[in-house]
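Student: Letter by letter, the chains look like this.
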Amino acid sequence: MKRAAPILMAGLVAVSAAQQLFTYRDRSGSLSVQARSGLVEQRANNRLHLELKGSPVVLTSSTEGLKMRAPSIVCDAVSSSKTTVQKAVATGGLTASKSGGGSSTDITAGAGTYVPGQLTLQGAVKIVSRSGGRTTTITGRGGTATLGEGASGGLKRATLSGPVRIEAVQAGNAASTVIATGSKLDVDNVRRVVTLSGNVDVVGRGTGSLGELHGADRATLVLNAKGEVSSVRVSQGASQ
Amino acid sequence: MARRWTWPVGTVFCLALGYAAQQAKVNFKDQDFSLENFDQFSATLESQGIGFNGAGNPLRITSSSSGLTMTAKKAEGKAVRGTGSQLFLQAATLSGGADLNLSSATSGTMRLQSETLNYTGTATKARAEFPRPLTLDSLATGTTDKNAPFSRTVRISGSKGFVTLALQPAANANALRTGELEGPVTITLHNELKGPAPETSDVEATGDALRFDLTTTPATLTLTGNVAMTGKGGTVSGNVTADTLVVTLDANLQPTKVDVTGSPARTRLHQEPPR
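Sequences listed follow chains Z and U, in order. Mapping of the first sequence onto the working numbering: position 89 corresponds to residue 89, and the numbering continues sequentially without gaps. Mapping of the second sequence onto the working numbering: position 217 corresponds to residue 217, and the numbering continues sequentially without gaps.
There could be a bad hint or two in this list.
To be verified - In silico contact screen, one side only, chain Z against chain U (beta carbon under 8 Å); selected entries:
id	residue
1	Q170
2	L210
3	G211
4	L213
5	H214
6	A216
7	V232
8	V234
To be verified - So these bits of chain Z aren't anywhere near chain U, every CB distance computed over 12 Å:
id	residue
9	F22
10	E41
11	T60
12	K67
13	G102
14	T139
15	P163
16	A219
Just so you know, these hints were derived from the structure itself, not from any lab. This one's a predicted model, so the numbers in the text were calculated from it and none came from an experiment. In this text, a Cβ means the ideal position worked out from N, Cα and C, and glycines have one as well.
Model the full structure from these sequences, guided by the hints.
Tutor: Have a look at this one:
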């Protein structure tokens, strides 16, 4: 088949007021876009290029189980039977939502770049994970989030720089939460541990909480299947 | 020129070191239970309590509601939740100059010192075992049943032993409950009775072993093996050498009676009924 000439869909660029809505959906329905203005370019080898602006732009990929919102998104995708996002760069404030495996995760950041399975985040980051009726909130500055594959995986792992903070429900005591702060944070939802390092404080809030601990080098929050904190391992100095 | 910069740079460096040292301590607190001043620390926190291990210079373990404070260079232990989710120290091994302080408004202060201390307890009572030489100092003040103010100091030393303690003693009850020490044992007891008929009494005693029980009525203190005792003032005064010496104590730990057994019993003892 001859190499198809790129078809510039410039006619879809909106020039009127912000209320005008620009939408795009691929043939399989696996990629959809809503924006105030946009450029969608079909390139060779089934490659798709999108430059979108909106209030915000909403880019939804059912293949990845991912929804991204930002004032500006530049996206490159590959269309075959389904459209797969290869890279999406969001600026001006990003919210990414990932659901799957019975859990959902909302990630907000100043900006971010998505490639299959991973989000690289800049600026103030907030990750809110919901699982089994429990909510865990993590904040930090910059880092990466590794997402589950396809539509069946939620957040697998996240690494954030500080100052970082995590707030999670204490296992067996829904009225109490565990709040841990530090300089760096690593979430591993496969091993069900959250590790903080660098002048770590761990504070329990509520009746029957875990107490308050200050000044550790490192703390590991061990989570149960619901994402609740079942124990905290702390170390400082040579006892690590 | 170089000298002009040396002292401010040196000062800033020392301040930074001091600040860093200050920041490196780990402290844990849950209601009235705390672990403080740990330079090295590892612990597991769970809903049911905390298991910990660490070192400090010194570290400090406190249970405010019990009036209990322990310091040492190293500690390993476990605290669990009791009534009202309050943590209490269930077990601990302290080493590197273990120092246990117990104080209450009703029973005074007590201090136990040894190189090593093995502690087990509940929210209301405890047992402290000392595999190495120990010293016990106790200071109590109160009023007698005749409303005369008194103060009492006791010092006991031995090569090893154990004592049991009440952590929340009733008014006018002793925090020190029972104990056994191996010798050589030395006991020094000083009582001061104030009021219209002031009186001072001193008892010094040594022996190979000591056993005491302050939970019974009357309370007793038993010294065995190469016993020597000197009493001045008060109810019991004189000199005793014996195989066994049993001292009966009143509620204020005043000696009221001395029973001597064994030979050679070269004794010159003056005993009066309690006042």
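Student: Which hint numbers does the structure go against, in order from smallest to largest?
Tutor: 16
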